[in-house]
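There are 2 protein chains.
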Amino acid sequence: MKACGVIAEYNPFHNGHAYQLTQAREKAHADVMVVVMSGNYVQRGEPAIVDKWQRARMALTNGADLVIELPFAISSQPADRFAAGALQILDALNCQTLAFGVEKSEFDYKTLLNEIAPKLKRPQFTVNYTKTYATQWNDFLEEKLGQRIEKPNQLLALSYAYANAQLDRPLELLPITRIGVAHDDLNSTASYASATAIRQLLLAGEMESVARFVPYDLSLFSDKLLSWQDLWPYLHYALNVSWPQELTPIYQMSEGLEYRFWQQNQKSTDFDQFLQLVKSKRYTYARLRRLALYTVLQVTAADITAASTVDQPIRVLGFNSVGQAYLRELRKNNAAHLITKVTADLGKPSGSLGLQVRVDRLIEQLTGVEQNFRQHIIMIK
Amino acid sequence: MKACGVIAEYNPFHNGHAYQLTQAREKAHADVMVVVMSGNYVQRGEPAIVDKWQRARMALTNGADLVIELPFAISSQPADRFAAGALQILDALNCQTLAFGVEKSEFDYKTLLNEIAPKLKRPQFTVNYTKTYATQWNDFLEEKLGQRIEKPNQLLALSYAYANAQLDRPLELLPITRIGVAHDDLNSTASYASATAIRQLLLAGEMESVARFVPYDLSLFSDKLLSWQDLWPYLHYALNVSWPQELTPIYQMSEGLEYRFWQQNQKSTDFDQFLQLVKSKRYTYARLRRLALYTVLQVTAADITAASTVDQPIRVLGFNSVGQAYLRELRKNNAAHLITKVTADLGKPSGSLGLQVRVDRLIEQLTGVEQNFRQHIIMIK
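If you're matching them up, the sequences are chains A and B in order.
Numbering (full-length UniProt numbering) for the first sequence: 1 to 381.
Numbering (full-length UniProt numbering) for the second sequence: 1 to 381.
What the hints contain is simulated information worked out from the structure, not anything from laboratory work.
It should be emphasised that the depicted structure is a prediction, and the values quoted were computed from it without experimental measurement.
Here a beta-carbon is modelled for each residue, glycine too, at the ideal position from N, C-alpha and C.
Any given hint could be a false lead.
With a straight-line cut-off of 20 angstroms between C-alpha atoms, the simulated PhoX-like cross-links for lysine-lysine are [what the hints assert, rightly or not]: (1) A:Lys348 x B:Lys267; (2) B:Lys348 x B:Lys332; (3) B:Lys131 x B:Lys279; (4) A:Lys121 x A:Lys104; (5) A:Lys131 x A:Lys104; (6) B:Lys279 x A:Lys267.
Covered stretches of chain A, as calculated for chain B (at least 3 residues, CB under 8 angstroms) [what the hints assert, rightly or not]: (7) 230-237; (8) 241-247; (9) 355-365.
From the derived model, a few chain A residues whose C-beta atoms are all more than 12 angstroms from chain B [said to hold, decoys possible]: (10) Glu9; (11) Ala84; (12) Lys131; (13) Arg148; (14) Thr295; (15) Asp303.
The shape of chain A in the complex, shown without the other chains (with noise of 0.2 angstroms):
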């Protein structure tokens, strides 16, 4: 069976996310359409607005035979982190294309990210504090290829090209240019949003509004909503409780910031204003987001070091029938660890899904939904 892979978040799944997967499917000439996608944490630094098994549960029902969970580890992290991790799992998965939105756009995409992008090297940078790591990479590449690139997307597929040129056996790219608006707008008559507006509609308590943006039904919708605003009592409980020093294991609290989060924390009454009062030009929002989730939920430098150097299974959220007998061929052929339950060995604390459980138990303390040990993996007809 031909695969075509998709690295997602579906937060929350849409119309656009529909379209590219039959697009991809199409164009790809698949059998078989494998996602992988964050699991409760999703790379902008915070919780997904619905769980895992929700947001695997939409894409199932609209055009993914089968959905992969992108691990804690790999999904709270930088984009090139990110593509990185999510590529070497697709391509585990035997995947030969990877599928992924841009905007319609200038770039000649084919050329810039088959021929020009893997062999740009990426330059080490002194610390300047002035600029954002993005930008210093924003103006490294405008130097290279003669124009900026700055859309959270372009980015991702550049890195993507990166992460994928160090397999060994790259996979083909398959760009799939977006449809309807332009990722955070929200226009009035279309039948597409981005992923952004659904959630402030929905956060902001106008589920009806959301209906002809999702190809599903709403009562995917009603379990608890999760934002920031959900976290907060207990980051902000966290920092109140601790000593600065206290906070230097946390994964990424370097150069003075945990005394910029101490500090700052006992001004502050909620996470807008926390995040607007720790911002400083050499740190971007998406890089404190993510500083304040490693510290909502204690994760340290030694947790993402164990995350990522035992050799992780590769967890199944669902599939469907396509989906289930390409993993039957898959467990056939392949030496990739597939598993469709926790165990609990291995969601004890030393356990290779240790950290994975222990993230999802504020998942399952805000929500009251269990999210490893006792939940079924979803099988579509």
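Guided by the hints, dock chain B onto chain A, whose structure is given.
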């Protein structure tokens, strides 16, 4: 001026406390009544129902002349350490008498406290997994005294007698027989009820029922009323995002209790359930509640050591004109480090009130009421 000291929690202050202060002043021929009162966390391992400022005000308007804060590192300890720490403060404040409540009882308190108790040698018990420390201690007392001493206030009185005997210049002990009802009972016609019974009424929202048991305006209960129910989400979270071994630095977290706490947390949906699940023959509920309190406040053994060894300032919460005159006298003749406000220096992480400020931050988060830096001392005309 002749000072009589009282060690109290006033959680909350009630008519029985007012009676005790009147009796003590008269019997001790005291010019000034000095109260050392637990701050925002009390000895049974929970937050006080209202903050230390409201409780100091209750006392100062009803018989106390000077209210001093008993620091967290003392107030959250078992009876023997609680008594020893509080007595050292009263001693430093030149109190000549210690007045304390005792049950109307069969004991000859005068002989017991002044002659027998100071001579008892506290035994070191070997670890016994079938009896709590308290039970072993009671067995020992029964052997020495010929009678069991089991009520909390009887044990506390004995602890006072012990601790007092350790002082270079012991205070005169003045037991005051409690009036009204037994410690935990609620008599429907009397004007006396125990603090426990009053807390239950308050937390059940039966504010008006409380009026006849307290000698002050009920508006002193206008802040959020606190109980373990308010702390539970944070304890649950803190255990959810931890590995068991990360709990070992917590003060008193020994003998595998970190695993017990960590595992039972995952089965618990409220604090009562959690406490019942972690209970064993070896530990009293009070010990486990205190351990849960150290955990939610992330108080380590090192924190307690630091707060116990540095030269602790004695913190005034409030006074009336008599108390103020006494403070003036103390400042002239006495070396005690008396403070009436928490400076930035005292309250910083390495400052001698750093721990106090840190544990109070959770109270500030829950109530929205400043507890330290910008809080003014209470002055009653």
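A quick look at each hint next to the structure:
1. A:Lys348 x B:Lys267: holds (15 angstroms)
2. B:Lys348 x B:Lys332: violated (28 angstroms)
3. B:Lys131 x B:Lys279: Between B:Lys131 and B:Lys279 the Cα gap is close to 12 angstroms, so the pair holds against 20 angstroms.
4. A:Lys121 x A:Lys104: Since the Cα atoms of A:Lys121 and A:Lys104 sit roughly 26 angstroms apart, the hinted pair is violated (cutoff 20 angstroms).
5. A:Lys131 x A:Lys104: violated (28 angstroms)
6. B:Lys279 x A:Lys267: violated (39 angstroms)
7. 230-237: Satisfied; 4 residues make the cut.
8. 241-247: With 6 residues closer than 8 angstroms to chain B, the region 241-247 of chain A meets the three-residue bar; holds.
9. 355-365: Holds: 6 residues of the region 355-365 of chain A have a Cβ under 8 angstroms from chain B.
10. Glu9: With a cut-off of 12 angstroms, A:Glu9 remains clear of chain B, as the shortest Cβ separation is near 22 angstroms.
11. Ala84: Non-interface label stands for A:Ala84: nearest chain B Cβ at 26 angstroms, farther than 12 angstroms.
12. Lys131: About 32 angstroms separates A:Lys131 from the closest Cβ of chain B, which puts it past 12 angstroms; holds.
13. Arg148: holds (39 angstroms)
14. Thr295: violated (10 angstroms)
15. Asp303: Per Cβ check, A:Asp303 is inside 12 angstroms of chain B; nearest 8 angstroms; violated.
Violated hints, in rising order: 2, 4, 5, 6, 14 and 15; the structure is consistent with all others.
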